[in-house]
Every structure is written in structure tokens, then in C-alpha cells.
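So the protein sequences, as listed, match chains G and H.
At position 23 of the first sequence (counting the first as 1) the number is 22 in numbering that gives the first Met the number 0, and the numbers step up by one without a gap.
At position 120 of the second sequence (counting the first as 1) the number is 119 in numbering that gives the first Met the number 0, and the numbers step up by one without a gap.
Since the hints were made in silico from the structure, they are not lab data.
Backbone N, C-alpha and C fix where the C-beta goes; we use that ideal spot for every residue, glycine too.
Where hints are given, some of them may not hold.
Sample of chain G residues at the chain H side, in silico, Cβ under 10 Å [to be verified]:
#1 A26
#2 A30
#3 F33
#4 G55
#5 R65
#6 G68
Which bits of chain H does chain G cover? Going by a derived footprint, with three or more residues having C-beta under 8 Å, they are [to be verified]:
#7 96–105
#8 168–176
Residues of chain G clear of chain H, computed beta-carbon distances all greater than 10 Å [claimed, not checked]:
#9 L29
#10 W36
#11 L38
#12 D39
#13 T44
#14 R45
#15 A49
#16 V50
#17 I52
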Amino acid sequence: MSDSGPPREPSGRGADVVWSIIGTLVAGVLAWGFIGWLLDQWLGTRFLVAVGIIVGMAGAMYLIIRRHGGG
Amino acid sequence: MNLPTLPLAQREGFHAPGIEIFEWPDIVHLEVAGIDLSINRVVLQMFLVALLVWGLFFLAFRRPRLVPSGLQNVMETLVDFIRNQIVLEVIGRDGLRFLPYLTTLFVFVLFGNLGGVLPLIQFPLNGRMALPAVMAICSLLLFISVGISSQGPAYFRNALFPPGIPWPVYVLLTPIEFVSTFVVRPVTLAIRLLANMIAGHLILSVFFVATGYMLTSANISVIFGLGSLIFSVALIAFELFVAGLQAYVFTILSAVYIAGALEPEH
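Generate the whole structure from the sequences, applying the supplied hints.
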């Protein structure tokens, strides 16, 4: 490291980006899958957990694209 | 039962080591108020590693000299590595106050992992859930308190409501952000380390037990035994690499989470 030279973007974040993407995907599935499961228990249905998982995945992908997608 | 149809390994009584090699009997049984505080081999090893880490730093920096030599030199290189490669790279100058935590974390995880390849010890401390879980909870509590102290209550708003999104979408995204920041982060931190250590220890055990088994059998297996002996040695080198890598990953991700808590996301 040196204090001179042009300021640069902190590197070492490659691993962070990968884990953040995986973490967000997993979190989306877990969060909305759980909500769907709770609704299933409450309403006595069986399909809402699947709906929740898909909704969570979609939300997670939206977040990932917003955060890491080019722009 | 018809003997020849049995697989060779089963007939000759080879038992591959399984997950039971991670279970140790209590040496001292201790129970306080219903909480099991028994001491087994893993606990003893944990005390040993803690003592070793403390002792190394104490001996190295007891009488620090301007021109370091010996142990001080080694430990300074280690601290420099964490400072330059992790703290300054990931957090920046602002992160130097977290250098003691991150250095301790790195060295403790590393020494815990190295137990897996150390002769006579041969058990990775982080192959049990307790330590990775406690360290992940430490990192979780640290980055939450860093967030609160640097952003105030707005930390939770920034973490749960990413900016620049139309408000109805928050219904969809806020649960995801909550789970990803406060649940998935510590859980993956702990499981990544635990799973790597379990897998490494199992592979080493299977290879060495099988090598011993094949080398002592009086048939053609001896040739394969020689091959697997060579491979076992290569696997030890690989486990050394994994021990260092996982300590590094645990530390750098803790640093990344702290960095994320210091400043709101843009």
C-alpha cells in the first residue's frame, strides 16, 4: 500500500459480490418461502409455499440486478 | 448369505470413518444449572489454541523493538497482512480500529483449522459447530453495532429499504433484505467454515484409514495402498491451503460486512 498515487476503488470485493448474490438468492427463497408456508398453515392450502419461493426468487433477482447489474 | 456376492470391502471388515469421528466423550462431566459445561477433547483443544494465540502475541510484543527480529518479525508480518490485505483493502483507513478484532479472528480460526493437519492433534477445531457459530454471531453483533453507531437508527432503514425503489416493491424486498442481512450472513459465515473443515477432516481420515488397510492387506491392494499414501500426503498439503483460505475468507467477509455497515448503500 502507498498513500500516493491515484485513488482507486477498493479491490478484494470479488468474493464479496459472489457471496452477496448467493446470499440474496437464498434469502429470497427462505423469506418468501417461509411466508408462503405460514399462509399455507393459516389457510389450510398447500400451494402457497411454492408461490412464495418463486416470488422470493423473483424479488431476489430484482435486487441482485439493481445492485450488481452493470448500471 | 452368499459370501462372494458381498462387496470386497464389506467382506474384509473395512469400516470407513464417518461423522462419528467428530464426537468425543466427556473427560470431565460438568453441569451447571442444567447447562452442559462438560469438557471433552475439543474443549481442551480450544483452550490450547486460545492460550497459544494469546501466548504468541504476548511473547512477540512484550518488548517490541523498532527493528523487529524473531517472533516479533513473524507476528508483525501477520498483522501487516491483515492490515494491508484485508482492512485497508476492504474498509479503508476508517477500518483500522477493527484491526485487533479481525487479526484475532484470523489467527484463531487459522490455528483452529490447522489442528486438522497437525500430527498428534489431528482434529480441526472448527469442525464442530460451536466455534464457527459463536464467531459468526460475534461478527453479526459487531457489524450491527457498527451500523448503529455510525448511522444511528437509520442503519436499519438503509439496510432494509434499499434506496431508489418504488415503495410498493418494498413489500416484496424488505423481507428478503432482512433475511439476507441478519440471517443468511451469519449462517453462511459459520456453515462455510464448518463444512469445509468437516469435509477436509473426513477426506483425510478416509484416505489414511484406507491406506493403512490396503497396505496391511496381503494382496494386490498393497499397490493401490502405495498410490493412496502418496495422494494422502498431497491431501495434507491441500488441507493446509484450505485452513489458510477459510480463515482468510471468514475474516475478509467479516470485514466486508463491517464496511457495509459503516456507510449506507448507494
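Worksheet item: Which hint numbers does the structure go against, in order from smallest to largest?
Response: 6, 7, 9
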